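Trainee: Here the structure of chain B is known, so what remains is to put chains S, E and P in place on it, guided by the hints.
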Amino acid sequence: MTDQPNDDTAGPAFDARASRRGMLMLGAVSASMVVTIRPALAQTNVSVLACEIPVPDPARAGSFVAADGSLVEPNTPGAFPPAPRPLTGEEVKTILAGGPGPAGMDPQAAQAYTRYIEKLQNGMSGFTCYASLQNPRG
Amino acid sequence: MLWRADPPRARRLVALDGLSLIYHRPSGMTHVVAPPMPEILDALGEGPADVADIVSRLAARFDIADPADAEAVVSARLAELAERGLVFAA
Amino acid sequence: MSRHVAMLRVGPIAFRVGSAWKGPTDALRRLYAGYPVPAVPDFTVRLEPQKRWRRWIAPSVAIRGDYQFVGAAPLSLAHGLLAAEMGMNLQMALGLRRYLLLHASAVERDGRAVIMTGHSGAGKSTLAALLSERGWRFLGDEFVLVDLVTGQLRPFPRAVSLKNEAAAVMRAEGAGDRLLFSLDDTPKGRITYLRPDDAAIARMDETARPALILFPRFGDAQAVRLVGPAEVFVRLTQASTNYVTLGEPGFDALSALVRDLPARAIDYPDGDSAVALVERLWAELAR
Amino acid sequence: MTSATILVRALRDPASATALDAAGWTALLTVARAESLIGTLAHRLADIPLPPAVSPTLADARASAETVGRQALWEAEMARRALAPLGVPVILLKGTAFAAAGLDPSIGRSIGDLDILVPREAIDQVESALKAAGWEWVKDDAYDDAYYRRWMHELPPLIHKDRDRMIDVHHTILPMTARQTPDAGALVSASIALPDGLRILAPADMIVHAACHLFADGDLAGGLRNLWDVDRLLRQFGNDPGFWSTLAERAALHEMERSVHLAMRLSAHLYGTPILQGAPRLTLFERLIVRRIQARDGWGRAPHPFTRLGFYIRSHWLRMPPTMLARHLWTKLRKR
Numbered sequence: 022m023t024d025q026p027n028d029d030t031a032g033p034a035f036d037a038r039a040s041r042r043g044m045l046m047l048g049a050v051s052a053s054m055v056v057t058i059r060p061a062l063a064q065t066n067v068s069v070l071a072c073e074i075p076v077p078d079p080a081r082a083g084s085f086v087a088a089d090g091s092l093v094e095p096n097t098p099g100a101f102p103p104a105p106r107p108l109t110g111e112e113v114k115t116i117l118a119g120g121p122g123p124a125g126m127d128p129q130a131a132q133a134y135t136r137y138i139e140k141l142q143n144g145m146s147g148f149t150c151y152a153s154l155q156n157p158r159g
Numbered sequence: 906m907l908w909r910a911d912p913p914r915a916r917r918l919v920a921l922d923g924l925s926l927i928y929h930r931p932s933g934m935t936h937v938v939a940p941p942m943p944e945i946l947d948a949l950g951e952g953p954a955d956v957a958d959i960v961s962r963l964a965a966r967f968d969i970a971d972p973a974d975a976e977a978v979v980s981a982r983l984a985e986l987a988e989r990g991l992v993f994a995a
Numbered sequence: 009m010s011r012h013v014a015m016l017r018v019g020p021i022a023f024r025v026g027s028a029w030k031g032p033t034d035a036l037r038r039l040y041a042g043y044p045v046p047a048v049p050d051f052t053v054r055l056e057p058q059k060r061w062r063r064w065i066a067p068s069v070a071i072r073g074d075y076q077f078v079g080a081a082p083l084s085l086a087h088g089l090l091a092a093e094m095g096m097n098l099q100m101a102l103g104l105r106r107y108l109l110l111h112a113s114a115v116e117r118d119g120r121a122v123i124m125t126g127h128s129g130a131g132k133s134t135l136a137a138l139l140s141e142r143g144w145r146f147l148g149d150e151f152v153l154v155d156l157v158t159g160q161l162r163p164f165p166r167a168v169s170l171k172n173e174a175a176a177v178m179r180a181e182g183a184g185d186r187l188l189f190s191l192d193d194t195p196k197g198r199i200t201y202l203r204p205d206d207a208a209i210a211r212m213d214e215t216a217r218p219a220l221i222l223f224p225r226f227g228d229a230q231a232v233r234l235v236g237p238a239e240v241f242v243r244l245t246q247a248s249t250n251y252v253t254l255g256e257p258g259f260d261a262l263s264a265l266v267r268d269l270p271a272r273a274i275d276y277p278d279g280d281s282a283v284a285l286v287e288r289l290w291a292e293l294a295r
Numbered sequence: 106m107t108s109a110t111i112l113v114r115a116l117r118d119p120a121s122a123t124a125l126d127a128a129g130w131t132a133l134l135t136v137a138r139a140e141s142l143i144g145t146l147a148h149r150l151a152d153i154p155l156p157p158a159v160s161p162t163l164a165d166a167r168a169s170a171e172t173v174g175r176q177a178l179w180e181a182e183m184a185r186r187a188l189a190p191l192g193v194p195v196i197l198l199k200g201t202a203f204a205a206a207g208l209d210p211s212i213g214r215s216i217g218d219l220d221i222l223v224p225r226e227a228i229d230q231v232e233s234a235l236k237a238a239g240w241e242w243v244k245d246d247a248y249d250d251a252y253y254r255r256w257m258h259e260l261p262p263l264i265h266k267d268r269d270r271m272i273d274v275h276h277t278i279l280p281m282t283a284r285q286t287p288d289a290g291a292l293v294s295a296s297i298a299l300p301d302g303l304r305i306l307a308p309a310d311m312i313v314h315a316a317c318h319l320f321a322d323g324d325l326a327g328g329l330r331n332l333w334d335v336d337r338l339l340r341q342f343g344n345d346p347g348f349w350s351t352l353a354e355r356a357a358l359h360e361m362e363r364s365v366h367l368a369m370r371l372s373a374h375l376y377g378t379p380i381l382q383g384a385p386r387l388t389l390f391e392r393l394i395v396r397r398i399q400a401r402d403g404w405g406r407a408p409h410p411f412t413r414l415g416f417y418i419r420s421h422w423l424r425m426p427p428t429m430l431a432r433h434l435w436t437k438l439r440k441r
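Chains as they are written, first to last, in our numbering: chain B, 22 to 159; chain S, 906 to 995; chain E, 9 to 295; chain P, 106 to 441.
Calculated from the structure, these hints are not laboratory results. Being a predicted model, the structure only gives us computed values, none of them experimental. You may find that some hints are simply not true.
Derived list of chain S stretches under chain B, where covered just means 3 residues or more per stretch with a C-beta under 8 Å from a C-beta of chain B [said to hold, decoys possible]:
(1) 923–937
(2) 940–947
(3) 964–978
Note that CB positions come from ideal geometry on N, CA and C, so glycine has one too.
Okay, chain B solo, but in the shape it has when bound (with noise of 0.2 Å):
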């Protein structure tokens, strides 16, 4: 088969099996004879979402993001105001890459914004977004 989705965890080691005589074959030191399943949710409609990543979470909308990622009061001097749009985790890949931010945004609020990303916590929005961003599953 060469269409699955699974052709990775279903190696060969798989052909090493028990014989009917009650031969036992152990397989090679290297080789691999569990595959564990895991959640699959990448097949649903999930997917096609683009994931999005607000700054600051909304939970504390207003607040500014200062140079070192952290939500201060707004107006405070130095620090950049909310992002006027949610991130896209394709933006926030390409940053934290180093490259160029989205266009028209100020390079040095970028970095700020993603800054601030990477110190998001579980449960704060984006998280899930940037977590996938640094767990790719496949």
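Mentor: Just chains S, E and P, lined up with the frame of chain B:
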């Protein structure tokens, strides 16, 4: 090092065409395994054992295909099972 | 409270969809006219402006509800029906516990069903719609629900979402009067919604016994390959959004399904050959 | 916007739910899901007659909670196996602790990440042992880890590479930036061992911890569930000899008297927790909090993100000195 496994009642096993599906109740996880995994888990059903003991328990029931490497290979298999929580250090 | 509400039951699952705009719920009511209207829903979907003031200006529809995806991007109001459909899918994918849910399509004949699953774009929706025009009962094109106790399939006959040129195929089949809405430039391209035929809707509470599993793939020369049971098992776990969550009952249902049913992967270049292949395999293999 | 009162009423008095109509049930189930209390509700309502459209949903919620509990305990067991060789005390917190010890709040409860508390001096060892066992940083490279280590009360979250489950490793129960400084050493030394070697906080500390969560982020999110934990724990331990005076002592020790006091009054108001005779008369400030906590409409929507009311509550709370009323209550409790 002594290895231990949950008792057999902690697992549901369905044999499918040379492979086995294992549902592990304590973790709620499903594993698809090839031999000698079910056999090693069975062998540990007799109680905790070190690698040499496990190999001799297996040898008592099966002809081992490559007996010279058996301990090294069984160690590798145990490490895989331990990673999934199917066996653990006693 | 949401200003506009549509309630509908599809097979065993009841939905309440609330919307800040009239369009999406009106479209739902038309697409699902004649479906049972439940009193208490299993799931709630909310279509809301991303920001409050954006109800009016360049409205963007955020998909929320009992279960929601934190980072989900909003859709434009022109795609409001898609948002409603996605909202319902999301509830099923993230919230359903009563049945083993397979991301698959299914059709039935003589009380027995064929389950078809594969990647998006493999053609499982179109194939199910096509078969339902040629003597099969349509059970669903998106989700197959396996009863955890009996192993029977519960129909879930939602509207079929046909991508791009699949709508023309169904029009050629004579189903043109049930092609109710077309949305252009969605994230999945052009989507046309096909209302299931009357029999599929009228018999939505009639279960079917699974008899054959197919992994169809559109595009290549006609071919049939055997798929081994362990592989079928792994592939179906990956096609299920709730297999892991269900725990042991899910394991029992899925391992029984895989142990008992023949499975084949099929490649097909066009609709006619796909239908012929399904008929042939059905005659040879179905249990 | 106070549909959550329907949930509070059903939790407090399950029989009251029999009077609900279809719209009432719809709102109840929706709000319970939104507040992560659907599993708890499903258990509370297990013995009353339910409409046919409702009972499958509640049965699902019970099954779901069971799965969640099993997974949480498995994560705890995985952490135990990874950390056992270190010989340091590992204390389960929150939902996993309740489940592991079979405490009343665990019935039907949703459980998120695994939270553990370890002695601060062991934190580096714990971190490397977890990494060796397959946990990895959720955010690897670019992330500012010094910030976390210096200012937070926990390691940055780790996620297991195969199981996709997160663990939060705490060395105390409030951020280092908080005004109060709970006595982390005392939390550890008073902790109680479970049969498998993992530990849980002593009952009074557990309540202090639940209470400090109410205001931890200043946003009262999840307040109904938090207070349900408090209610169940107080009911479960309230008859133990010396419990109330121990609770007063521990709250003082951890500088959490005000939070514990407030949590108890709110829980008594909402859930009828038997702490003192009669329902407490709430202050204006407390009534504001109760309103805020129950703000959820029949579609599951919370009021819009943090509005002025939220800021007001938070700043008021930060400024407020311990009141005479609080002292009075504590004095009475100590005598119980």
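Trainee: Under the constraints set out in the numbered hints, which ones does this structure not fulfil?
Mentor: none
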